[in-house]
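S.K.: Full structure from sequences and hints, please.
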Amino acid sequence: MTPKISILLVTALCVLLSSCASSSSGTRAVSTKGTRITSVRTTAYTHSESDHIVYGARTAVGTPLKFGMVRSAAADWSVFPVGTIFQIEGTPHIYQVDDYGSALVGTNTIDIYQPSKSQMNAWGVKNVNIRVLKWGSFSKSVAIMKERQAYGHVRNMVNRIQRS
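Reminder that position 117 of the sequence shown reads as 117 in the numbering used here, one-by-one numbering, no gaps.
Because the hints were derived from the structure by calculation, they are not lab data.
Do not rely on the hints blindly, as some may be mistaken.
Stated by the list, open to error - If you anchor each label on the Cβ, the simulated ranges turn out as follows:
#, residue 1, residue 2, range
1, P64, R163, 18 to 24 angstroms
2, Y151, R36, 29 to 35 angstroms
3, H93, K117, 18 to 24 angstroms
4, K33, K146, 31 to 37 angstroms
5, M69, Q162, 33 to 39 angstroms
6, I37, T63, 20 to 26 angstroms
7, E89, R148, 30 to 36 angstroms
8, A150, S118, 16 to 22 angstroms
Glycine included, every Cβ here is placed at the ideal spot set by N, Cα and C.
M.R.: And the structure:
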């Protein structure tokens with residue numbers, strides 16, 4: 001990708017994110033400055049881990065895992081709903097919550113996608129400051145998880161969303 005195209009993509013993403021200043025039912029949105037959250041525990045995962053291998057390189061949303069300027073992240077959707085877009089302070093990348101994991105429910109931990117086990121291990125566990133640029137949708141999270149409630153962790157996320 002040429003530097004010119006990269007600049008255009010980042011500019012387009014910034015314009016898109018800055019247009020997200022209103023809120024609709026089941027969705028939280030913030031100003032273009034975002035919401036700063038300090039000391040967020042992050043871990044990393046990869047598609048070749050034994051507990052992810054059945055899903056391949058796909059997210060809970062059904063899209064391919066991303067690792068470019070915009071990167072995939074997994075979280076407890078009752079805390080960080082699907083579609084939440086954030087940036088880890090001090091990094092140039094944008095992360096989008098498009099995945100979840102059973103070990104994340106109730107932990108307030110965000111799992112950062114890495115394309116290899118060595119990159120996953122290099123990430124380790126880090127407490128970072130994040131800036132939420134756009135909150136995702138709780139109603140969309142519930143809609144996606146509706147048919148998956150046979151799994152306890154999914155049922156827990158749905159129940160937590162519906163109680164709040």
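S.K.: The hint says 31 to 37 angstroms between K33 and K146; measuring C-beta to C-beta, is that right?
M.R.: holds (34 angstroms)
S.K.: For the pair M69 and Q162, does the Cβ-Cβ distance stay inside 33 to 39 angstroms?
M.R.: holds (34 angstroms)
S.K.: Should the hint that H93 and K117 are 18 to 24 angstroms apart at their CB atoms be regarded as holding?
M.R.: The hint (18 to 24 angstroms, Cβ to Cβ) holds, given that H93 and K117 are roughly 20 angstroms apart.
S.K.: Does 29 to 35 angstroms hold as the CB distance between Y151 and R36, or does it fail?
M.R.: Hint holds: Cβ distance 33 angstroms, inside 29 to 35 angstroms.
S.K.: Given a hinted range of 18 to 24 angstroms, is it respected by the beta-carbon distance of P64 and R163?
M.R.: Taking Cβ atoms as reference, P64 and R163 lie about 33 angstroms apart, which means the hint is violated.
S.K.: Starting from the hint 30 to 36 angstroms, judge whether the C-beta atoms of E89 and R148 obey it.
M.R.: For R148 against E89, whose Cβ atoms are near 33 angstroms apart, the range 30 to 36 angstroms holds.
S.K.: Is the distance from the Cβ of A150 to the Cβ of S118 consistent with 16 to 22 angstroms?
M.R.: violated (34 angstroms)
S.K.: Range hint 20 to 26 angstroms: satisfied by the CB atoms of I37 and T63?
M.R.: holds (25 angstroms)
In summary, the numbered hints that this structure violates are 1 and 8.
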